[in-house]
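As given, the protein sequences belong to chains A, B and C, one line each in that order. Here the numbering used here is used: the first residue of the first sequence is 12, the next is one more, and so on. Here the numbering used here is used: the first residue of the second sequence is 1399, the next is one more, and so on. Here the numbering used here is used: the first residue of the third sequence is 1399, the next is one more, and so on.
Because the hints were derived from the structure by calculation, they are not lab data. Remember, predicted model here, so these are calculated numbers, not experimental data. Among the hints, erroneous ones may be present.
Stated by the list, open to error - Just the calculated beta-carbon pair ranges, DEER-fashion:
| # | chain 1 | residue 1 | chain 2 | residue 2 | range |
| --- | --- | --- | --- | --- | --- |
| 1 | A | E194 | B | I1565 | 19 to 29 Å |
| 2 | C | N1449 | B | A1450 | 19 to 29 Å |
| 3 | C | E1451 | A | V57 | 56 to 66 Å |
| 4 | C | G1523 | B | A1495 | 58 to 68 Å |
What the hints assert, rightly or not - Keeping only pairs whose Cα atoms sit at most 25 Å apart, straight-line, the calculated PhoX-like set for lysine-lysine is:
| # | chain 1 | residue 1 | chain 2 | residue 2 |
| --- | --- | --- | --- | --- |
| 5 | C | K1442 | B | K1481 |
| 6 | B | K1566 | A | K137 |
| 7 | A | K137 | C | K1482 |
| 8 | B | K1481 | C | K1554 |
| 9 | B | K1443 | C | K1482 |
| 10 | B | K1566 | A | K168 |
Note that beta-carbon positions come from the ideal geometry of N, C-alpha and C, so glycine has one too.
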Amino acid sequence: MSYRIHLQNFDGPLDLLLFLIRKNEVDVYDIPVATITQQYMEYLGVIEMLDLDNASEYILMAATLIRVKAALLLPKPELDDDDDADDPRHELVQRLLEYQRFKEVADGLEEIETESRHFFRSLNYKFEDDESEEEDGVEQSEVGMYELMAVFVDVIKRVPPVTEHMVERIPVTIEDQTKVVLEFLENNKQVLFRDLLLTQVNEKIILIVTFIAILELMKSRKVTLNQNKPFAEIWIRKN
Amino acid sequence: MDSQELTEEYKRHIVEALIIANDVPISEAKIASLIEDMTPAQAKKAVDELNAEYSDSQRAFFIARVAGGFQINTRRDMAPWVKKMFKGRMRGRLSQAGLESLAIITFQQPISRVEVDAIRGVNSGGVVKTLLERNLITIAGRSSGPGKPLLYGTTKEFLRYLGVDDIKSLPKPKEIEEIMGKLTTGDGVGENIIEALAGLEDDGVDNSSEATAAVDGVAAPEEKAQAQTHPESDNGQTE
Amino acid sequence: MDSQELTEEYKRHIVEALIIANDVPISEAKIASLIEDMTPAQAKKAVDELNAEYSDSQRAFFIARVAGGFQINTRRDMAPWVKKMFKGRMRGRLSQAGLESLAIITFQQPISRVEVDAIRGVNSGGVVKTLLERNLITIAGRSSGPGKPLLYGTTKEFLRYLGVDDIKSLPKPKEIEEIMGKLTTGDGVGENIIEALAGLEDDGVDNSSEATAAVDGVAAPEEKAQAQTHPESDNGQTE
């Protein structure tokens, strides 16, 4: 049961390995060789049971441990003993030390974070300008890269899904859509151009064809589009 | 928090801190509820005393009473400098439409307005104009396709503001998806950004000749007008 | 705005107004640019004088130097009440994984996610997303290495979150040699790692000499190993 508590504190195989190394250092100075690997495997068993998402990363480390151990069991060529680049442990030691470096920094950051949470910046200020009233005090700095990406994802999500089999074309012609538009206008004397497009269209291709149909209708003076001022809403009306 | 009694003076400090740190005007009732043994009337009195202190020590600000409670305001004679500080900042919140169009233009640039419309499913003319005015986007050329529509892209200032040096460093749709997680459309059909955008492109291409030619008739005057209105928008508002 | 000369005192009032009105830390250079005949050094001096005044008159706030500029912070002993006011609205603390990733990104920036993963030994996708979302990191370009992955860097908001002026005020990662150096002092993780891994090797055979040999060897090829593990880190580490 204690496994579960510990597991939540591990941020990956390196973290677990460091934990075991520390733990064993405290308990038994002379570490029995197999202990670390064996304990690691025990944890791994629990991890596999509980946390399938990250299990593969822990398994990878287990494989590394076993590989290192196996390599060490092989008889060493008695060449240049100083040349330790061949030592199978080096890469792992290197990784653990590198990880440890940043783990220490993370601890430092956590301390600073703790301290910083005692201070609050001034927020209760509003600039009241006699002359201009349009300022609502909201900074655009809220639009960061992340927010933009989130909005982008949202918009794309709204785009109607692509048909599963793209070979099949959506049967839509300008003629069809001309009829649709005229029928729609039959019931509504004057409609917002936008509403017409939105209510009549649920596929991008249809949207585009409908748009062309409207333009055709305009050209042949069957409908009129007007606008109160540039960029205002466009109204469409049957002639 | 404190078992000892708080002095009147110390309570006044707390009132000051609460007013300064809050992000909305805070009422005397709210202040009173946060400080041990304090009534709203006492909170109000503390504010008056603070204002007297500010006045005596010639602070450049005072506590103003606004609709919802108390808020920090700068002294009236400070306005010219405060205004100067806020001026030239990209102030004011973008509408949802503005944000969406900005997101699409940022990650799909260079892109024509018609394509932005196609993705959003609504007309983006007014929004594009606002973005141009705010120097967030600029005209980035002209499509070589039929109709040669104007293409929009983000300004250097906005890119810098987002934290990247050039367009190439912006995340691509595939990377956005990797960061933000796999997309699922409303009806539960798994779909990714690439497919969604590819679908759009296909649709666009299908009728490019007709659609764009026809669109040209409508869109051209408006875009030309924009080009005239903001000829230097790309380098003009560098501040 | 003013044709008359501004007195030192009045300039100090303006500095105070600018700092209290701004919602982002404002640098002395920016302050100086907004006030007639003021140098950044004078702006800094004015801030010091203001802080002295605040201290004398026992204000519940002070001007802190954060993220390259000045901002008003509430006094440390005010925290219990301000926290009470923000109860339920305060952002959670960073997770261990978040702190680790931040530690790595802070000192290796700009860095790709894959490189962060390599150091942590675990996928950091979710963590990176959270950090982006909290605006503590942002996309900071694109690697020129294979695959041209996106690179991440820390933001000003990160400094602000921790309440520090710049990255130099954060605890630096120790050199690997230094972590190794702990061996001689008889405590520290470096030793534990070596011990444990040496233990892996001996498998019951007493060979302390070998263990030490292995330790000696680790430091030497370490840079090589590092260079291999992080091929892009050399052009990545701009500082």
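Hints versus structure:
1. A/E194 / B/I1565: 19 to 29 Å: This hint is violated: roughly 45 Å between Cβ atoms.
2. C/N1449 / B/A1450: 19 to 29 Å: Given about 22 Å between the Cβ atoms, the range holds.
3. C/E1451 / A/V57: 56 to 66 Å: This hint holds: roughly 60 Å between Cβ atoms.
4. C/G1523 / B/A1495: 58 to 68 Å: Check failed, 31 Å falls outside 58 to 68 Å.
5. C/K1442 / B/K1481: holds, 21 Å
6. B/K1566 / A/K137: violated, 39 Å
7. A/K137 / C/K1482: Holds. A/K137 to C/K1482 sits at ~23 Å (cutoff 25 Å).
8. B/K1481 / C/K1554: holds, 24 Å
9. B/K1443 / C/K1482: holds, 21 Å
10. B/K1566 / A/K168: holds, 24 Å
Of the numbered hints given earlier, the model fails hints 1, 4, 6; all others are met.
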